[in-house]
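All chains should be modelled from the sequences, with the hints used to inform the complete structure.
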Amino acid sequence: MITRGNPQLNRNGELIHLLSTEGLGKANINHILDTATNFVSVSDRDVKKVPLLRGKSVFNLFFENSTRTRTTFDIAATRLSADVVNLDIARSSTSKGESLLDTIDNLTAMAADVFVMRHSESGAPYLVAQHVPKHVHVINAGDGRHAHPTQALLDMYTIRHFKGDIHNLSVAIVGDVLHSRVARSNIHALTTLGCPDVRVVGPRTLVPSDMAHMGARVCHTLEEGIRDADVVIALRLQNERMSGALLPSSQEYFKHFGLTTERMKWAKSDAIVMHPGPINRGVEIDSAVADGPQAVILSQVTFGIAVRMAVMSIVAGNEG
Amino acid sequence: MITRGNPQLNRNGELIHLLSTEGLGKANINHILDTATNFVSVSDRDVKKVPLLRGKSVFNLFFENSTRTRTTFDIAATRLSADVVNLDIARSSTSKGESLLDTIDNLTAMAADVFVMRHSESGAPYLVAQHVPKHVHVINAGDGRHAHPTQALLDMYTIRHFKGDIHNLSVAIVGDVLHSRVARSNIHALTTLGCPDVRVVGPRTLVPSDMAHMGARVCHTLEEGIRDADVVIALRLQNERMSGALLPSSQEYFKHFGLTTERMKWAKSDAIVMHPGPINRGVEIDSAVADGPQAVILSQVTFGIAVRMAVMSIVAGNEG
Amino acid sequence: MITRGNPQLNRNGELIHLLSTEGLGKANINHILDTATNFVSVSDRDVKKVPLLRGKSVFNLFFENSTRTRTTFDIAATRLSADVVNLDIARSSTSKGESLLDTIDNLTAMAADVFVMRHSESGAPYLVAQHVPKHVHVINAGDGRHAHPTQALLDMYTIRHFKGDIHNLSVAIVGDVLHSRVARSNIHALTTLGCPDVRVVGPRTLVPSDMAHMGARVCHTLEEGIRDADVVIALRLQNERMSGALLPSSQEYFKHFGLTTERMKWAKSDAIVMHPGPINRGVEIDSAVADGPQAVILSQVTFGIAVRMAVMSIVAGNEG
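Chains as they are written, first to last, in my numbering: chain A, 1 to 320; chain B, 1 to 320; chain C, 1 to 320.
Hints in this document: simulated from the structure, not taken from any laboratory. Please note that a few of the clues may not be correct.
Said to hold, decoys possible - Here are the simulated BS3-like pairs of lysine-lysine, each with C-alpha atoms no more than 25 Å apart in a straight line: (1) B/K268 / A/K134; (2) C/K265 / B/K48; (3) A/K49 / B/K265; (4) B/K265 / A/K134; (5) A/K163 / A/K268; (6) C/K48 / A/K48; (7) A/K49 / B/K163; (8) A/K26 / A/K163; (9) A/K49 / C/K48.
Said to hold, decoys possible - Some but not every residue of chain B turned toward chain A, in silico, with C-beta under 8 Å: (10) R68; (11) D74; (12) T191; (13) G194; (14) G277; (15) L298.
Said to hold, decoys possible - Here are a few chain A residues that sit away from chain B, every Cβ distance over 10 Å (derived from the structure): (16) D44; (17) V85; (18) E121; (19) H220.
Ideal Cβ placement from N, Cα and C applies to all residues, glycine included.
Structure follows, in structure tokens:
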């Protein structure tokens with residue numbers, strides 16, 4: 001269902017939708033990260049609200065369940081003073097056979113301003129972005145195996161915050177890269193920002209050699225993959241991969257690719273460890289690492305609110 | 001469960017509940033439509049909010065699922081600055097065996113101001129309206145096969161907006177009139193507003209001849225039913241009617257009563273096509289008509305927000 | 001899972017979490033009740049809102065369904081102008097195997113201020129309270145069979161409101177005391193406030209003799225239990241107790257312990273009847289009593305909003 005074109009920028013190159021980190025320029029990404037810096041402090045205030053989106057209607061359209069991600073967008077929109085409608089799509093008209101675009105047309109007719117959308121089909125948010133009128137904005141909260149751009153942007157924010165200039169860093173992404181929209185979006189963001197050394201690390205079933213064309217170096221051992229890395233991003237291993245053809249078991253995965261204190265010594269001594277959450281302790285990551293001094297996993301969550309506030313406020317301020 | 005009396009008006013004839021278009025006077029309906037006119041512009045504003053119901057508590061009590069209708073009330077109340085509580089009744093105390101009126105008493109004790117209520121039993125909102133204290137208001141969002149008054153009012157608004165004076169119009173309602181609360185509420189509203197020519201159109205199983213007593217002409221062919229009509233309202237065909245005794249199949253229905261560009265030529269050339277949504281493309285209506293220049297289906301949705309804002313603000317301003 | 005210590009007070013003895021009425025001093029309880037008095041009038045106002053928690057984030061974490069209780073906290077927080085996130089935990093990351101504390105850490109990283117928490121495991125809110133940073137507050141909305149402190153506090157408010165000084169009162173708690181967190185929390189609150197005569201009343205299977213150690217007199221007949229009582233609190237009989245070893249049937253229970261007008265004559269003539277709701281008419285209580293002049297069940301609901309506002313505003317104003 002992936003469609004062509006780059007509908008996320010207007011003719012002035014300004015962000016009107018956020019669909020993917022692919023197709024964003026370095027200036028677009030840096031503008032989002034710089035704007036997010038201002039919002040990080042909002043969540044520290046006594047009154048955690050700014051009136052930027054007051055009276056705007058944000059619809060959270062989660063065709064795929066994700067309470068965690070939906071909550072982050074709900075909070076981000078609420079702290080911008082928007083009115084948020086959380087739509088439980090499984091129970092809505094779409095289950096009466098209404099098409100996605102009919103649903104979107106109806107909500108647009110209710111004067112929606114922003115759609116935050118998660119969908120199991122890759123490209124669904126593109127379809128919607130190309131369909132809505134100019135004053136309506138679409139933010140992709142994860143589509144199929146394709147993209148999860150706000151996760152990648154909060155990861156970029158986190159890396160920049162802890163490690164500074166991305167031009168000098170080695171970043172390793174460990175796990176089920178093949179099926180991960182987080183990995184794809186991160187690779188695009190990292191290469192766009194000029195990261196000179198991006199590595200994807202995992203067994204051959206989850207990290208095939210032909211992933212090299214994305215601009216990342218493919219490594220099939222953890223030692224090679226994280227050696228001297230500044231940043232190690234562990235991906236979540238989906239339960240459905242753990243049995244069957246791709247992986248013998250989660251224990252077997254942990255034995256070869258789980259991040260432990262011992263193995264983290266292969267990376268730089270000041271390397272940070274990231275994870276999009278929720279973590280599987282003892283599968284991708286040992287508790288000693290997840291709760292240890294190198295982990296910045298909860299900072300990712302904090303920055304995620306600020307980055308989503310930045311994205312919403314930027315797209316809502318631009319016209320198509 | 002339908003109860004007697006007209007509890008929706010106070011002794012001054014002012015609207016204190018909205019239960020049905022039956023029993024409303026022309027002045028009541030026109031007051032709602034005139035008030036809605038002011039609210040249409042609110043949803044066009046940069047800040048889509050007015051403070052009319054600030055600090056009021058609106059409870060959306062949907063005993064029957066309808067994410068779409070619930071969302072329209074949620075948005076309408078929020079744009080009036082009310083605090084909205086959406087109650088997932090399937091999971092609430094009623095499933096612990098609490099009676100409807102005990103639930104209402106409890107929510108009233110929490111200082112509810114307005115109940116928006118959908119229920120599978122006809123008359124349930126009457127029961128509640130007759131039970132609550134004078135300062136509490138009930139809006140029927142659909143009860144059984146009985147009434148769906150806000151849908152009818154938004155339909156009246158739409159007709160008035162596009163076609164002007166209802167006194168000169170021919171309006172055809174096509175489909176499963178027998179089981180449709182939308183049809184019943186529309187017939188009452190149209191006759192009250194002085195529409196001289198209301199037709200109900202469909203197969204004998206769905207439009208029995210004795211429906212004539214409601215003040216509508218019964219037509220069993222589409223050609224007769226929509227000939228020279230100014231307004232054609234297609235009803236949604238419920239899936240549960242499509243198999244079994246009432247209808248052989250949805251294809252068969254479309255063959256005889258589906259609105260196509262070709263058949264719409266029977267109506268006036270400037271006729272409008274309406275539908276309460278969600279539409280079944282290729283069942284009640286062909287996509288060429290649903291997406292064509294005569295369709296005003298999405299305008300109905302837009303006006304629906306304004307009409308619901310009008311109803312809420314009017315009832316909340318009157319005492320029982 | 002019950003943990004030790006009294007994490008609900010800071011070193012100045014101020015309330016920072018509300019986990020149980022056990023461990024609260026008389027001054028703590030009276031401070032909550034006095035504060036609630038001010039909030040009762042807020043729900044009577046035209047604009048039912050005060051700005052005390054504006055810009056604060058309250059998370060309703062209901063690991064056990066209770067639409068009614070969740071709604072009261074939602075309303076209480078909204079009337080304090082907080083931003084409320086209702087988390088449907090059954091569908092969230094915890095179902096992906098994330099631990100309770102990982103969920104809490106993530107929400108804390110989103111800048112949560114208050115967690116309202118219901119959990120099937122006794123002690124779960126203690127675990128969370130001991131884990132969160134100092135500026136985050138936990139309110140127990142019911143944990144296993146352990147405690148339901150806001151219910152007990154609203155019961156104390158109700159008793160004080162209708163009967164005045166608790167030092168002179170006889171209070172009978174009737175029903176499944178053994179499995180009731182409401183009963184446990186009420187006994188602690190009553191004895192702390194100096195109630196000289198607390199009785200627990202029910203069959204031996206539901207009120208074993210060794211409950212006397214909690215400071216209540218055990219009575220196995222209703223007549224003995226409510227004789228000359230000023231306050232009769234009927235507990236809800238859970239459906240799961242009605243069949244099986246503990247009780248032969250709900251009819252049998254009603255025959256011996258159901259509150260009827262006739263039996264209420266054993267109590268003082270001005271005794272009040274309370275119930276945490278939702279009531280089972282004809283099981284714990286006859287409709288003539290539930291709807292009669294002695295019942296204050298709906299006042300409990302009204303005061304419950306004020307008490308929850310009081311608890312939230314007090315804990316949010318104190319540092320750990």
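Hints and how they fare:
The straight-line distance between the Cα atoms of B/K268 and A/K134 is roughly 33 Å, outside the 25 Å bound, and the hint therefore fails. This hinted pair does not check out: C/K265 and B/K48 have alpha carbons roughly 58 Å apart, beyond 25 Å. Restraint check: the Cα-Cα separation between A/K49 and B/K265 comes to about 55 Å, which exceeds 25 Å; the hinted pair is violated. In summary, the hint linking B/K265 to A/K134 is not supported, as the alpha carbons are separated by about 33 Å, beyond the 25 Å threshold.
As the CA atoms of A/K163 and A/K268 are separated by approximately 12 Å, the hinted pair is consistent with the 25 Å bound. Straight-line distance between C-alpha atoms of C/K48 and A/K48 comes to about 21 Å, which keeps the hinted pair within the 25 Å bound. With a C-alpha separation of about 45 Å, the suggested pair A/K49 and B/K163 falls outside the 25 Å cut-off, and the hint is violated. The hinted pair formed by A/K26 and A/K163 meets the criterion: a straight-line CA distance of about 18 Å does not exceed 25 Å.
For the proposed pair A/K49 and C/K48, the alpha carbon gap of about 21 Å is at most 25 Å, so the pair holds. About 5 Å separates the beta-carbon of B/R68 from the nearest beta-carbon of chain A, less than 8 Å, and the hint is met. Look at B/D74: its Cβ gets to within about 6 Å of chain A, closer than 8 Å, so that hint holds up. Nearest Cβ of chain A to the Cβ of B/T191: about 28 Å, over the 8 Å cut. The hint is violated.
Checking B/G194 against chain A: minimum C-beta separation of about 28 Å lies over 8 Å; hint violated. The restraint placing B/G277 at the interface with chain A holds, with a minimum CB-CB distance near 6 Å, inside the 8 Å limit. Taken as an interface hint, B/L298 checks out: its beta carbon lies about 4 Å from the nearest beta carbon of chain A, inside 8 Å. Its beta-carbon lying about 26 Å from the closest one in chain B, A/D44 satisfies the requirement of being farther than 10 Å from that chain.
Non-interface status of A/V85 relative to chain B is broken: a Cβ of that chain comes within 10 Å, the nearest being about 6 Å off. Under the 10 Å C-beta cut-off, the non-interface status given to A/E121 relative to chain B holds; the minimum distance is some 19 Å. Even its closest Cβ contact with chain B, about 47 Å, leaves A/H220 beyond 10 Å, as expected for a residue assigned away from the interface.
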